[in-house]
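Enquirer: Sequence:
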Amino acid sequence: MERKIMNIHFILHEKFEVPGAYLKWAQKRGHHISSTRVYEEEELPETVDDIDFLIVMGGPQSPDEDRQVFPYYDPKAEIALIQKAIDADIYIVGVCLGAQLLSVAYGGKYEHSPEREIGVFPLTLTDEGLADEHTLKILVLL
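What the sequence shown shows, in this note's numbering, is residues 26 to 167, in sequence order.
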């Protein structure tokens, strides 16, 4: 099966929160890569028309963050962009803060963890997870 070359857009919240393995994966497969460095006050894309895959990375912020603490970070604008991606039915991955923003965009909730959560952890899919149509899309994508 031939893979489609995708336009992948990263949203980066802090200089130290890098896309790492996600970027290497995209480069290895020849995907087109773009990014918004929120911490450098770069503007978010207005639309997702030219994006096939949105990857929202982590950061010390939260979805309800006061802009006084991080003046460059606008969670409402990011949630609106994620909602556009949902409506356009494009691939979306949220990492840490990105997962919290994704949850809010879908109408869900999030909680603050009492401890920092940094690192990689192996996941095992349940039978239900393996049967889910969305999981199949992810496995085909990889």
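Just so you know, these hints were derived from the structure itself, not from any lab. Glycine included, every Cβ here is placed at the ideal spot set by N, Cα and C. Do not take every clue at face value.
Below, in silico cross-link-like pairs of lysine to aspartate or glutamate (EDC-like), each with a Cα-Cα straight-line distance of 16 Å or less [stated by the list, open to error]:
| id | residue 1 | residue 2 |
| --- | --- | --- |
| 1 | Lys-134 | Asp-89 |
| 2 | Lys-101 | Asp-77 |
| 3 | Lys-101 | Glu-90 |
| 4 | Lys-40 | Asp-77 |
| 5 | Lys-29 | Glu-65 |
So the derived label-pair ranges between C-beta atoms look like this [to be verified]:
| id | residue 1 | residue 2 | range |
| --- | --- | --- | --- |
| 6 | Leu-148 | His-57 | 39 to 47 Å |
| 7 | Asp-89 | Glu-66 | 26 to 34 Å |
| 8 | Lys-40 | Gly-154 | 19 to 27 Å |
| 9 | Leu-69 | Leu-155 | 30 to 38 Å |
Enquirer: A separate judgement is required for each hint: does it hold in the structure or not?
Expert: Here's how the hints hold up against the structure:
no., hint, in the structure
1, Lys-134 - Asp-89, "11 Å, holds"
2, Lys-101 - Asp-77, "21 Å, violated"
3, Lys-101 - Glu-90, "10 Å, holds"
4, Lys-40 - Asp-77, "24 Å, violated"
5, Lys-29 - Glu-65, "31 Å, violated"
6, Leu-148 - His-57: 39 to 47 Å, "28 Å, violated"
7, Asp-89 - Glu-66: 26 to 34 Å, "20 Å, violated"
8, Lys-40 - Gly-154: 19 to 27 Å, "34 Å, violated"
9, Leu-69 - Leu-155: 30 to 38 Å, "34 Å, holds"
When each numbered hint is compared with the structure, violations occur for hints 2, 4, 5, 6, 7 and 8.
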